[in-house]
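Visitor: Model the placement of chains H and C on the given structure of chain Y, informed by the hints.
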Amino acid sequence: MQKTTGRPQLKENLKFFLTASMKGISQVLLIDNAVTGFFILLIITSTSIFLGIITLLSTIIGTLIGIVGGADKESVTQGLFGFNSVLTGIALALFMNGPYHWIIALLGAALAAILAAAMMHAMKPLGIPVLSAPFILITWFTLLVSYRLKAFTLTSELVPQDLARWKLDTTGKVDWTEGAFYGIGQIFFLHETIAGVLLFLAVFWAGWRLGIFAIMGNLTALLASYWLGGEHTLIFMGLYGYNGILAILAVAIVFNDNKGWIQPLLSGILAAFLTVPLTASITTLLLPYGLPALTMPFILSTWIILGARKVLPKL
Amino acid sequence: MQKTTGRPQLKENLKFFLTASMKGISQVLLIDNAVTGFFILLIITSTSIFLGIITLLSTIIGTLIGIVGGADKESVTQGLFGFNSVLTGIALALFMNGPYHWIIALLGAALAAILAAAMMHAMKPLGIPVLSAPFILITWFTLLVSYRLKAFTLTSELVPQDLARWKLDTTGKVDWTEGAFYGIGQIFFLHETIAGVLLFLAVFWAGWRLGIFAIMGNLTALLASYWLGGEHTLIFMGLYGYNGILAILAVAIVFNDNKGWIQPLLSGILAAFLTVPLTASITTLLLPYGLPALTMPFILSTWIILGARKVLPKL
Amino acid sequence: MQKTTGRPQLKENLKFFLTASMKGISQVLLIDNAVTGFFILLIITSTSIFLGIITLLSTIIGTLIGIVGGADKESVTQGLFGFNSVLTGIALALFMNGPYHWIIALLGAALAAILAAAMMHAMKPLGIPVLSAPFILITWFTLLVSYRLKAFTLTSELVPQDLARWKLDTTGKVDWTEGAFYGIGQIFFLHETIAGVLLFLAVFWAGWRLGIFAIMGNLTALLASYWLGGEHTLIFMGLYGYNGILAILAVAIVFNDNKGWIQPLLSGILAAFLTVPLTASITTLLLPYGLPALTMPFILSTWIILGARKVLPKL
Numbered sequence: 013m014q015k016t017t018g019r020p021q022l023k024e025n026l027k028f029f030l031t032a033s034m035k036g037i038s039q040v041l042l043i044d045n046a047v048t049g050f051f052i053l054l055i056i057t058s059t060s061i062f063l064g065i066i067t068l069l070s071t072i073i074g075t076l077i078g079i080v081g082g083a084d085k086e087s088v089t090q091g092l093f094g095f096n097s098v099l100t101g102i103a104l105a106l107f108m109n110g111p112y113h114w115i116i117a118l119l120g121a122a123l124a125a126i127l128a129a130a131m132m133h134a135m136k137p138l139g140i141p142v143l144s145a146p147f148i149l150i151t152w153f154t155l156l157v158s159y160r161l162k163a164f165t166l167t168s169e170l171v172p173q174d175l176a177r178w179k180l181d182t183t184g185k186v187d188w189t190e191g192a193f194y195g196i197g198q199i200f201f202l203h204e205t206i207a208g209v210l211l212f213l214a215v216f217w218a219g220w221r222l223g224i225f226a227i228m229g230n231l232t233a234l235l236a237s238y239w240l241g242g243e244h245t246l247i248f249m250g251l252y253g254y255n256g257i258l259a260i261l262a263v264a265i266v267f268n269d270n271k272g273w274i275q276p277l278l279s280g281i282l283a284a285f286l287t288v289p290l291t292a293s294i295t296t297l298l299l300p301y302g303l304p305a306l307t308m309p310f311i312l313s314t315w316i317i318l319g320a321r322k323v324l325p326k327l
Numbered sequence: 013m014q015k016t017t018g019r020p021q022l023k024e025n026l027k028f029f030l031t032a033s034m035k036g037i038s039q040v041l042l043i044d045n046a047v048t049g050f051f052i053l054l055i056i057t058s059t060s061i062f063l064g065i066i067t068l069l070s071t072i073i074g075t076l077i078g079i080v081g082g083a084d085k086e087s088v089t090q091g092l093f094g095f096n097s098v099l100t101g102i103a104l105a106l107f108m109n110g111p112y113h114w115i116i117a118l119l120g121a122a123l124a125a126i127l128a129a130a131m132m133h134a135m136k137p138l139g140i141p142v143l144s145a146p147f148i149l150i151t152w153f154t155l156l157v158s159y160r161l162k163a164f165t166l167t168s169e170l171v172p173q174d175l176a177r178w179k180l181d182t183t184g185k186v187d188w189t190e191g192a193f194y195g196i197g198q199i200f201f202l203h204e205t206i207a208g209v210l211l212f213l214a215v216f217w218a219g220w221r222l223g224i225f226a227i228m229g230n231l232t233a234l235l236a237s238y239w240l241g242g243e244h245t246l247i248f249m250g251l252y253g254y255n256g257i258l259a260i261l262a263v264a265i266v267f268n269d270n271k272g273w274i275q276p277l278l279s280g281i282l283a284a285f286l287t288v289p290l291t292a293s294i295t296t297l298l299l300p301y302g303l304p305a306l307t308m309p310f311i312l313s314t315w316i317i318l319g320a321r322k323v324l325p326k327l
Numbered sequence: 013m014q015k016t017t018g019r020p021q022l023k024e025n026l027k028f029f030l031t032a033s034m035k036g037i038s039q040v041l042l043i044d045n046a047v048t049g050f051f052i053l054l055i056i057t058s059t060s061i062f063l064g065i066i067t068l069l070s071t072i073i074g075t076l077i078g079i080v081g082g083a084d085k086e087s088v089t090q091g092l093f094g095f096n097s098v099l100t101g102i103a104l105a106l107f108m109n110g111p112y113h114w115i116i117a118l119l120g121a122a123l124a125a126i127l128a129a130a131m132m133h134a135m136k137p138l139g140i141p142v143l144s145a146p147f148i149l150i151t152w153f154t155l156l157v158s159y160r161l162k163a164f165t166l167t168s169e170l171v172p173q174d175l176a177r178w179k180l181d182t183t184g185k186v187d188w189t190e191g192a193f194y195g196i197g198q199i200f201f202l203h204e205t206i207a208g209v210l211l212f213l214a215v216f217w218a219g220w221r222l223g224i225f226a227i228m229g230n231l232t233a234l235l236a237s238y239w240l241g242g243e244h245t246l247i248f249m250g251l252y253g254y255n256g257i258l259a260i261l262a263v264a265i266v267f268n269d270n271k272g273w274i275q276p277l278l279s280g281i282l283a284a285f286l287t288v289p290l291t292a293s294i295t296t297l298l299l300p301y302g303l304p305a306l307t308m309p310f311i312l313s314t315w316i317i318l319g320a321r322k323v324l325p326k327l
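Protein chains in written order, with this note's numbering: chain Y, 13 to 327; chain H, 13 to 327; chain C, 13 to 327.
A few of these clues could be false.
Each pair may be met inside one copy or between any two copies, as identical chains are not told apart.
[Claimed, not checked] Mimicking DSS-like on lysine-lysine, the simulated pairs with C-alpha atoms at most 30 Å apart in a straight line are:
(1) Lys-136 to Lys-326
(2) Lys-27 to Lys-326
(3) Lys-162 to Lys-136
(4) Lys-162 to Lys-185
(5) Lys-85 to Lys-27
(6) Lys-136 to Lys-271
(7) Lys-322 to Lys-27
(8) Lys-271 to Lys-85
(9) Lys-136 to Lys-85
(10) Lys-136 to Lys-27
(11) Lys-322 to Lys-136
(12) Lys-185 to Lys-322
(13) Lys-322 to Lys-271
(14) Lys-85 to Lys-322
(15) Lys-326 to Lys-271
Worth flagging that the hints you see were computed from the coordinates, not collected in a lab.
This is chain Y alone, in the form it adopts within the complex (with noise of 0.2 Å):
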């Protein structure tokens, strides 16, 4: 950045940083657009104002960390030091109680920004994103830190388990309609239709392609956890479905050179599909701790297949 001086520049400035505040909402779903960004905020704060605030706090935290941290202009730009810092501030907000679970919140979103600088880092070598991995190891390092300080405290939903007394209960009433909005309303921890209805329009606007294959994800993995005998007070909620909408957007679109439809397709509805076993394992390996898979089974599913790619190029 050249240094000049006056109000042209502190306009552009304004400007570059709001972008890239409302991209980082956007990379959430892994789209690069601030307007998606700002109708996603939107969304978030009609459903709960004090998220809405959360969210806008989170991502100007992360990308600022991005700005005075010195990264590549590109990268902060681009909104990826914003929706790791997103998804841990809305995250904390939801599964922490007490006063001032929100402060937590905020250096969760903070401290996620910075992990998210070391991972990619870590990962440049291989030419694989990182992905919303740093919010979930700081989200669910967060919440164990609860058993030990008193200053951190759980909401009443998190409770651990010991798998050997585990029984698997799968009843529960059907909700085709509620399964297919859910889903998506889940990446941002939402749980009403109208929600999940305007999010597949912010994905919409930010493209018709991505719209169509968030659309497919989805249904792939509604039909398999069905099928593979999921339970129904999950699937219904979009706890399986959540996953292969950004697993196939990963796979399919943003991470893949191939414009036609086949390829996109084939293994796009692979990722898909895995994030239905994945999230099943996940939770069980969780279990013992008493917390939620996030979006690790998206974020294990899409670095098989990219890794492989890279080995079997035609995948």
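Guide: Quick look at chains H and C alone, frame taken from chain Y:
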């Protein structure tokens, strides 16, 4: 590959494919020899026709994924896309239940080849082989799926246990003959003395040096586990021996440039010895999840020695 | 090394060997100073002659493995093959029981040097030091072995617990003097105020800047753990402090090119602060296995900041 037409080309391709598939079986023992592979296939089939078919289909699936995915021909020819699939197919066929468990086994075999590709990419800069790590990860994750998806059911063998209530019981009969031959059979999940004898012969066929070292590795692990006070029921089932055989072959011969005797023997016996405490600790780590250690002790032991050798060349 | 004969060469080799061995002790505190190392050896020996002997033998074993294995002379000279062995030897000697636990401790020390070499190779492309990670892995795995092999027995200190039945109890007396000096002692598993005072002096001997930062790190971690509501019994035993000391030294001085005060202090205090929630979460993760956190919080905190600095150079 140049493209030609006609039957000679077809015949050559078929020969290439069959060789690669058989080497996919021999590579389970780190051996690059199609005849040994075919011999092992016969041994497995004579123990169980079902397992034989799974083995054959798994190596074919893995090899096909390498070819169709566009991997470099040399890796495919050496059977490097087959062996993780073979192990995964057999393990899932044995540890899972229900009418469709063979489908899960074959899908697991396919996935193992894809994960193998991803891990080859990730470990290439280190110059360290992936060994059977992809098999282990796919198998562990698939077994864990069963706690959440009804289509996956475990055999009654695998039971999660609480470490706090674990009591070590080393009593049990001592049977050195079984101990001597069950170990190598365990690599292919076979539990018969005759299968063990024949597998040793298959190794000697590929090279008498390989055979001698295999015996040394088995002996090292057997004696160390007995002397350190392991459970007799495990030791004489060969469950402390098979990792020692694999580790000595990898460290002393397959991934070793030194063709002499002293350095290979010393580092190989160290590697075989290390698999004994590693088997103990990995089994403990997996206890709450009821998962088997599989070949993980061999992998960790081999990775440590091969990695250390890059910095300590005389090891 | 040129090969010459005669006593001058022998004397020089002995001097090189002794310096490297003493630096192996000082490197536990990230300090490259043989006198400090010798001073620490005296402090340990004056607390327990048994521990002093273990410390001396462990650093000799680690250094010898570096030399005999053929490592580059510079790493050996700096004591980089000794410090993981020192820590492993002491930890295993203290956490294990039985007549031969000292043999296990020394074998663990040897293995730590080998794993250190492997990890140096693996982390070289990242430009991030392995720190004491090899010590932690060897110690954790060795402690877990005791559940399966009779020759390994744990002291009664380490008990696996169920997280679902865990209750946080932060009551206990407040003793800031013990808190202030027990932390640095904990690094060497010493529990005496006087040992802590002397260890601070050993650090000041190597550089007054190191000493001042060590005090700052201790203070940061102590106050943060008290303020966030940690268990008094742990805080005033120094169990929340020692990772903060190591983290600030690593991040602010040893692996930092900036010789000023502001950036080192800020990033160092951040690193020291981070060890507090990390201690809490790692202890929680390890609860079902009854394992101690050791220096893992320091390692993770330091890796995050050093890794992030490669992308955020102003951190």
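Visitor: Each hint should be assessed against the structure and marked as holding or not.
Guide: How the hints compare with the structure:
1. With identical chains, the CA atoms of Lys-136 and Lys-326 are at most 30 Å apart both within one copy (22 Å) and between copies (19 Å).
2. In the homo-oligomer, the alpha carbons of Lys-27 and Lys-326 lie at most 30 Å apart only across protomers (23 Å), although the nearest pairing inside one protomer, at 41 Å, exceeds that limit.
3. Proximity of Lys-162 to Lys-136 under the C-alpha cut-off of 30 Å is found in neither arrangement, the shortest distances being 38 Å within a copy and 39 Å between copies.
4. In this homomeric assembly, Lys-162 and Lys-185 come within 30 Å of each other (Cα to Cα) only across copies, at 17 Å, whereas the closest approach inside a single copy is 39 Å.
5. Taking the shortest Cα distances, Lys-85 and Lys-27 sit within 30 Å of each other inside one copy (14 Å), while across copies they are farther apart (51 Å).
6. Taking identical chains as interchangeable, the C-alpha atoms of Lys-136 and Lys-271 lie at most 30 Å apart whether they share a chain (24 Å) or sit on different chains (28 Å).
7. Proximity of Lys-322 and Lys-27 under a CA criterion of 30 Å is satisfied inter-copy only: 27 Å between copies versus 37 Å inside one chain copy.
8. Taking the closest pair of Cα atoms, Lys-271 and Lys-85 come within 30 Å of each other both inside a single copy (27 Å) and across two copies (27 Å).
9. Proximity of Lys-136 to Lys-85 under the C-alpha cut-off of 30 Å is found in both arrangements, the shortest distances being 17 Å within a copy and 27 Å between copies.
10. In this homomeric assembly, Lys-136 and Lys-27 come within 30 Å of each other (Cα to Cα) only inside a single copy, at 29 Å, whereas the closest approach across copies is 40 Å.
11. Proximity of Lys-322 and Lys-136 under a CA criterion of 30 Å is satisfied in both settings, with 14 Å inside one chain copy and 11 Å between copies.
12. Taking the shortest alpha-carbon separations for Lys-185 and Lys-322, neither the intra-copy value of 43 Å nor the inter-copy value of 51 Å comes in at or below 30 Å.
13. Proximity of Lys-322 to Lys-271 under the C-alpha cut-off of 30 Å is restricted to the intra-copy arrangement: shortest distance 18 Å within a copy versus 34 Å between copies.
14. When the C-alpha separation of Lys-85 and Lys-322 is checked against a cutoff of 30 Å, the pair qualifies both within a copy, at 27 Å, and between copies, at 15 Å.
15. In this homomeric assembly, Lys-326 and Lys-271 come within 30 Å of each other (Cα to Cα) only inside a single copy, at 13 Å, whereas the closest approach across copies is 39 Å.
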